[in-house]
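First to last, the sequence lines map onto chains L and X. If you read the first sequence in our numbering, its first letter stands for residue 9, the second for the next number, and so on. If you read the second sequence in our numbering, its first letter stands for residue 76, the second for the next number, and so on.
FYI, nobody ran anything at the bench for these hints, they're computed from the structure. It is possible that part of the hints are untrue.
[Claimed, not checked] A few chain X residues that face chain L, going by a derived Cβ cut-off under 10 Å, partial list only: (1) Asp87; (2) Asp88; (3) Ile98; (4) Ala118; (5) Ala121; (6) Ser133; (7) Met134; (8) Pro135; (9) Ile144; (10) Ala160; (11) Ala182; (12) Glu187; (13) Lys188.
Beta carbons are placed, not taken as given, at the ideal position from N, Cα and C, and that holds for glycine.
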Amino acid sequence: MNLSQFKNILRQVFVLPVVALLVVAGALYVQIRGSNSTVNLIQESDARISQATLLSKLIVDEESGLRGYETTGDARFLQPFYEAESHLQTEIQNLDNMAGGDADQKHDIADLRDEHQTWQDAFALPVIATVRGGGQTNDVDLNLHGKVLMDNVRHDLIDIIQKAEASRTRRIARWHRQVHTMLLVLLALALGMGVLIGLFTRSRLHAVSAAYRSSLDILGRRAEELYQSEQQLRTTLESIGDGVITCDAEGRIQMMNPVARELTGWSQTEAGGHQLEDVFRIVNETTREPVETPVAKVRRLDKIVGMANHHTILLRKDGTELDISDSAAPIRDKAGNTTGIVLVFRDITMERKTQEALISNEKLAVAGRLAATIAHEIHNPLDSVSNLLYLMRDGASPEESVRFMDMAQQELTRVTQISRAMLGLYRESKAPVVVDLKEMLEEILLLMERRLSDLGVKVTTNMPEPIEVAAFPAELRQVFTNLITNAAEAACQGGLIKISIEPQSAGVGVNGQKLQPGAIVTIADNGVGIPDDVQPHLFQPFFTTKGEQGTGLGLWVSRGIINKHGGTISVVSNMSETAHGTELSVFLATNPTINAAGD
Amino acid sequence: MKRNSNLVLCVDDERIGLEVRKILLERAGYRVLTASDGPSGLAIFASEPVEAVVLDYSMPGMDGGEIAIQMRQTKPGVPILLLSAYIGLAPEVTAAVDLYMTKGEGAPILLEKLDSLLQPVV
Numbered sequence: 009m010n011l012s013q014f015k016n017i018l019r020q021v022f023v024l025p026v027v028a029l030l031v032v033a034g035a036l037y038v039q040i041r042g043s044n045s046t047v048n049l050i051q052e053s054d055a056r057i058s059q060a061t062l063l064s065k066l067i068v069d070e071e072s073g074l075r076g077y078e079t080t081g082d083a084r085f086l087q088p089f090y091e092a093e094s095h096l097q098t099e100i101q102n103l104d105n106m107a108g109g110d111a112d113q114k115h116d117i118a119d120l121r122d123e124h125q126t127w128q129d130a131f132a133l134p135v136i137a138t139v140r141g142g143g144q145t146n147d148v149d150l151n152l153h154g155k156v157l158m159d160n161v162r163h164d165l166i167d168i169i170q171k172a173e174a175s176r177t178r179r180i181a182r183w184h185r186q187v188h189t190m191l192l193v194l195l196a197l198a199l200g201m202g203v204l205i206g207l208f209t210r211s212r213l214h215a216v217s218a219a220y221r222s223s224l225d226i227l228g229r230r231a232e233e234l235y236q237s238e239q240q241l242r243t244t245l246e247s248i249g250d251g252v253i254t255c256d257a258e259g260r261i262q263m264m265n266p267v268a269r270e271l272t273g274w275s276q277t278e279a280g281g282h283q284l285e286d287v288f289r290i291v292n293e294t295t296r297e298p299v300e301t302p303v304a305k306v307r308r309l310d311k312i313v314g315m316a317n318h319h320t321i322l323l324r325k326d327g328t329e330l331d332i333s334d335s336a337a338p339i340r341d342k343a344g345n346t347t348g349i350v351l352v353f354r355d356i357t358m359e360r361k362t363q364e365a366l367i368s369n370e371k372l373a374v375a376g377r378l379a380a381t382i383a384h385e386i387h388n389p390l391d392s393v394s395n396l397l398y399l400m401r402d403g404a405s406p407e408e409s410v411r412f413m414d415m416a417q418q419e420l421t422r423v424t425q426i427s428r429a430m431l432g433l434y435r436e437s438k439a440p441v442v443v444d445l446k447e448m449l450e451e452i453l454l455l456m457e458r459r460l461s462d463l464g465v466k467v468t469t470n471m472p473e474p475i476e477v478a479a480f481p482a483e484l485r486q487v488f489t490n491l492i493t494n495a496a497e498a499a500c501q502g503g504l505i506k507i508s509i510e511p512q513s514a515g516v517g518v519n520g521q522k523l524q525p526g527a528i529v530t531i532a533d534n535g536v537g538i539p540d541d542v543q544p545h546l547f548q549p550f551f552t553t554k555g556e557q558g559t560g561l562g563l564w565v566s567r568g569i570i571n572k573h574g575g576t577i578s579v580v581s582n583m584s585e586t587a588h589g590t591e592l593s594v595f596l597a598t599n600p601t602i603n604a605a606g607d
Numbered sequence: 076m077k078r079n080s081n082l083v084l085c086v087d088d089e090r091i092g093l094e095v096r097k098i099l100l101e102r103a104g105y106r107v108l109t110a111s112d113g114p115s116g117l118a119i120f121a122s123e124p125v126e127a128v129v130l131d132y133s134m135p136g137m138d139g140g141e142i143a144i145q146m147r148q149t150k151p152g153v154p155i156l157l158l159s160a161y162i163g164l165a166p167e168v169t170a171a172v173d174l175y176m177t178k179g180e181g182a183p184i185l186l187e188k189l190d191s192l193l194q195p196v197v
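Take the sequences, apply the hints, and build the full model.
What follows is the structure in structure tokens.
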């Protein structure tokens with residue numbers, strides 16, 4: 009369950025009781041409205057009863073006044089009669105108004121009005137006239153008739169009151185029923201809503217509870233996974249073959265794995281909290297100057313500093329030294345802030361020795377291949393000289409002898425040239441010397457003449473003037489021999505190799521890079537070209553496209569030598585039908601900083 | 076010692092070497108034709124009544140092995156002597172020639188081997 013679902017449940021749990029209460033309130037309102045209506049009707053009945061009672065009193069007053077006047081003949085007794093009479097019609101009309109649309113009541117009221125009018129016309133007014141006229145009104149029949157007429161009026165009034173009371177009683181009973189019903193409805197609604205809210209809330213609580221349990225399970229699993237992951241990382245760090253040191257953002261050591269402890273000679277307790285530079289002391293192999301640690305570089309550049317062999321020596325705690333390569337990376341939190349730095353380094357002493365052995369092996373392979381070519385080169389002129397000596401011994405004329413000696417001399421000059429080139433080939437020098445690249449390439453081509461000729465490859469050169477660079481000549485010869493051999497093998501029968509040297513002046517290149525003064529040697533063939541998927545592997549050790557014929561070390565060693573000379577080597581190849589071929593360019597600086605170890 | 080005047084074809088890309096070999100064989104009494112590469116050698120071999128061939132192995136383009144195999148197919152009866160600076164030659168190359176020798180063994184050995192190839196079988 010996510011937060012949105014949880015909020016939805018909270019909303020439902022709030023809204024449902026409110027809706028339930030609104031329903032109950034609605035029902036209560038309907039019921040109260042019904043009851044109020046009934047109460048109004050009861051009050052209406054009460055008003056009718058009061059009105060009828062008032063009419064009774066007025067009739068009593070009227071009759072009493074009449075009786076007093078009839079008995080005394082004093083007109084003052086007629087005052088209540090006339091007063092009652094003046095109100096009576098109005099009050100009867102009021103009673104009639106109260107009856108509303110009730111035809112039965114209206115009929116009773118009409119009867120009352122008629123009966124009263126009859127009493128008044130047939131008895132009261134004649135009696136008054138008689139008394140006023142001085143006549144006698146003690147006639148029994150007349151008074152009995154008046155009594156009957158008044159009894160009718162009273163009977164009508166009683167009937168009206170009784171009916172009003174009966175109506176009142178019914179209405180009160182109805183009100184009681186309504187109140188009872190209201191109570192029952194309220195009770196039922198309260199119970200129903202209570203159960204509904206209870207069930208709903210229970211179901212929602214179950215959902216929340218299930219989600220909570222699920223969250224707890226997930227948290228538990230994650231905690232377990234986190235623990236396992238931490239254990240795996242810990243075990244990996246403990247058993248990894250590289251030294252690993254983690255530092256905080258300020259470069260203070262936090263953790264060292266066993267290899268790091270062994271390589272530096274510091275224990276975790278000794279090193280913990282120290283600045284990395286105190287423990288991981290590195291110097292340049294050649295200059296012995298302290299080198300900026302990868303951790304310091306990461307702090308400065310705020311990015312990963314890759315694994316590279318910068319000919320760095322680690323000074324161990326006991327004073328012994330190790331060749332190492334190192335790298336470092338920042339550890340970042342979620343917001344991308346650097347919270348620490350991890351340093352990885354390894355002892356490459358054996359690796360360096362292996363590399364040196366491989367380079368030496370490649371030198372021997374190049375020497376072996378060249379030796380076979382050179383032997384053939386020497387063999388041919390020696391064979392000619394041997395035959396010429398035989399001819400001279402076999403009775404040649406003096407003229408013939410001179411001619412034969414000239415021919416022998418030519419052949420021996422060729423042998424001498426080859427021999428001189430050979431001597432230079434593997435003459436190692438301890439320091440770089442000035443090398444004329446034009447002269448060197450011409451010597452190499454001389455030595456390779458036979459091999460190139462055998463392969464049916466033509467060579468054109470564009471080396472207009474001597475160009476000198478400081479270099480180890482034997483090593484450069486190895487590189488160019490390698491590159492020309494590769495070009496010749498790629499060009500095949502009838503192919504062409506173009507070799508050129510161009511001087512480069514100091515300045516700024518097209519990409520804004522700083523250009524050193526030096527020379528660019530280009531060796532281009534018109535072979536089929538190198539497939540795109542092969543090109544990235546060309547400078548890797550043991551990568552060869554020549555099967556058993558190649559060691560796979562030629563270009564790797566060549567690049568190492570050129571890098572050692574502070575130069576660069578690059579390849580451009582094209583496999584299109586119209587412009588196929590490969591071009592290798594070597595840049596050599598006029599006065600390079602020679603790197604002792606080569607890469 | 077004068078030998079017969081058999082017509083011998085010498086094929087070699089080494090200018091001086093070829094010239095010296097021609098003089099040597101002519102002194103020995105042979106008539107000599109020369110070619111400096113495989114195609115011209117094969118053309119002469121096809122057009123002239125060559126009786127023996129002295130062939131250099133290492134040449135640009137077509138090497139002596141290939142030339143010998145083609146000559147064998149054209150005129151199987153003509154003996155071929157292969158000269159080489161290499162010590163080890165492939166079996167299919169040695170199978171295509173009658174004799175082979177390394178350069179530098181000396182003129183007497185060359186003359187002796189060529190003579191032996193042209194001696195009628197008794």
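A quick look at each hint next to the structure:
Because the beta carbon of X/Asp87 sits about 9 Å from the nearest beta carbon in chain L, less than 10 Å, this interface hint is met. Checking X/Asp88 against chain L: minimum C-beta separation of about 7 Å stays under 10 Å; hint holds. The restraint placing X/Ile98 at the interface with chain L holds, with a minimum CB-CB distance near 6 Å, inside the 10 Å limit. Restraint check, X/Ala118 versus chain L: the minimum CB separation of about 18 Å is more than 10 Å; hint violated.
Residue-level restraint check for X/Ala121 is violated (minimum Cβ-Cβ distance to chain L is 22 Å; threshold 10 Å). Evaluation of the X/Ser133 hint against chain L yields a held restraint, the C-beta minimum of about 6 Å falling below 10 Å. Contact between X/Met134 and chain L, as hinted, is supported at the beta carbon level, the nearest pair being about 8 Å apart and thus within 10 Å. Interface hint status for X/Pro135: upheld, as the beta-carbon distance to the closest one in chain L is roughly 4 Å, under 10 Å.
Given the 10 Å rule on beta carbons, the hint for X/Ile144 is violated: about 17 Å separates it from the nearest Cβ of chain L. Of the supplied interface hints, the one on X/Ala160 holds, with its beta-carbon coming within about 4 Å of a beta-carbon of chain L, less than 10 Å. With a least beta-carbon distance of about 4 Å to chain L, the hint placing X/Ala182 at the interface is held under the 10 Å criterion. Of the supplied interface hints, the one on X/Glu187 is violated, with its beta-carbon coming no nearer than about 12 Å to a beta-carbon of chain L, more than 10 Å.
Given the 10 Å rule on beta carbons, the hint for X/Lys188 is violated: about 14 Å separates it from the nearest Cβ of chain L.
Hint compliance for this structure: hints 4, 5, 9, 12 and 13 are broken, all remaining hints hold.
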